[in-house]
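Visitor: Spelled out, the chains give:
Protein chains: 2
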Amino acid sequence: VAPRITDCPLARAVERIGEWPTMELLHEALDGCSRFSDFQVHLQTETDVLRSRLYKLVDSGLMTLRGDDEYVPTELGRSLRPVIIMLAAWGNHQLRPPERSMILVDAATGVEVEPVVVDRDTGLRVDTGDFVFTAGPGASKAMRTRYALGAAVCE
Amino acid sequence: VAPRITDCPLARAVERIGEWPTMELLHEALDGCSRFSDFQVHLQTETDVLRSRLYKLVDSGLMTLRGDDEYVPTELGRSLRPVIIMLAAWGNHQLRPPERSMILVDAATGVEVEPVVVDRDTGLRVDTGDFVFTAGPGASKAMRTRYALGAAVCE
Chain A
1 VAPRITDCPL ARAVERIGEW PTMELLHEAL DGCSRFSDFQ VHLQTETDVL
51 RSRLYKLVDS GLMTLRGDDE YVPTELGRSL RPVIIMLAAW GNHQLRPPER
101 SMILVDAATG VEVEPVVVDR DTGLRVDTGD FVFTAGPGAS KAMRTRYALG
151 AAVCE
Chain B
1 VAPRITDCPL ARAVERIGEW PTMELLHEAL DGCSRFSDFQ VHLQTETDVL
51 RSRLYKLVDS GLMTLRGDDE YVPTELGRSL RPVIIMLAAW GNHQLRPPER
101 SMILVDAATG VEVEPVVVDR DTGLRVDTGD FVFTAGPGAS KAMRTRYALG
151 AAVCE
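As you go down the protein sequences, you meet chains A and B in turn.
Just so you know, the working numbering puts the end of the first sequence at 155, numbered straight through with nothing missing.
Just so you know, the working numbering puts the end of the second sequence at 155, numbered straight through with nothing missing.
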């Protein structure tokens, strides 16, 4: 049996974030919600479940507790905003523009934007076949083996 | 009690994707894995759990079954690649470049890229305070109320 690939940043992100509803809570928090009661009104989650999810967010360093009722995103939590933006964009892609219920806009003009993923330096779209995942300098043996034949190791 | 916001594209994305490990399976599939045994070797997931996760991916339209052992991403599944890229980038951001085990590179040159989220038309970064979520044309009354005071409804 091949060794399990445990050093994958995607797996690490997934583990740290925990359950998906985490993203909805962070999204609310980034929009300015902080009180337990606000999260509860917006998400209509049972008290115990909501409390447990917020605790997990604090545990994993994505939010911090202020006083005894306010949950505020940390820097690490804030740095998930690009993921939230791309998730919401993916949800919106299944709809025509007039059907969209929540959109990302330029705060000054109100004009809707269409988020895409590019390389910071070149501005080129990186969600194409021209860009591939591969083993990085810190890769384990398992990760190196996985990518030894380029991206085609499974084919 | 305010009505629950059910038309949020983020909530819809989260519901459709289901569990987080979905992303790891899709990532493997986008790298060229398709056979059940390949997923199992790479992710070392128990047979029943893996089978159930792959079935759910097929159910939700993100993958399709080819023959009786191959799972291939659909167009909808492929369209999650930008989310996967941003999740992996977030995982990598917690590490210095020499520590990174899996990186996104230009397939032709092998040079690592740094994925960021921009507006397709203007190329401006949209993960800043200059861009905010707001109610779109298809918003429910609940969504409209949530954003009635701009993004500051909770503050």
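Keep in mind the hints are simulated off the structure, nothing from the lab.
Mixed in with the good hints there might be a few duds.
Which copy? The list can't say, so a pair holds if one copy fits it or any two copies do.
[To be verified] Distance condition first, Cα-Cα at most 20 Å in a straight line; then the derived SDA-like pairs of lysine to any residue:
| hint | residue 1 | residue 2 |
| --- | --- | --- |
| 1 | Lys-56 | Val-116 |
| 2 | Lys-56 | Arg-78 |
| 3 | Lys-56 | Ala-108 |
| 4 | Lys-141 | Leu-95 |
| 5 | Lys-141 | Val-58 |
| 6 | Lys-56 | Leu-43 |
| 7 | Lys-141 | Arg-78 |
| 8 | Lys-56 | Glu-19 |
| 9 | Lys-56 | Arg-35 |
| 10 | Lys-141 | Asp-31 |
Visitor: Work down the list of hints and note, for each, if the structure agrees.
Guide: Right, here's what the structure says about each hint:
1. Lys-56 x Val-116: neither (30 Å within a copy, 27 Å between copies)
2. Lys-56 x Arg-78: Only inside one copy: Lys-56 and Arg-78 sit 16 Å apart there, 30 Å across copies, limit 20 Å.
3. Lys-56 x Ala-108: neither (35 Å within a copy, 41 Å between copies)
4. Lys-141 x Leu-95: So Lys-141 and Leu-95 pass the 20 Å test across copies only (18 Å; inside, 43 Å).
5. Lys-141 x Val-58: neither (33 Å within a copy, 32 Å between copies)
6. Lys-56 x Leu-43: Only inside one copy: Lys-56 and Leu-43 sit 17 Å apart there, 24 Å across copies, limit 20 Å.
7. Lys-141 x Arg-78: Classified as neither; 33 Å inside a copy, 28 Å across copies.
8. Lys-56 x Glu-19: For Lys-56 and Glu-19, the Cα distance is within 20 Å both inside one copy (9 Å) and across copies (16 Å).
9. Lys-56 x Arg-35: Close inside one copy (16 Å), not across copies (35 Å); limit 20 Å.
10. Lys-141 x Asp-31: The answer is between: 18 Å across copies meets 20 Å, while 42 Å in one copy does not.
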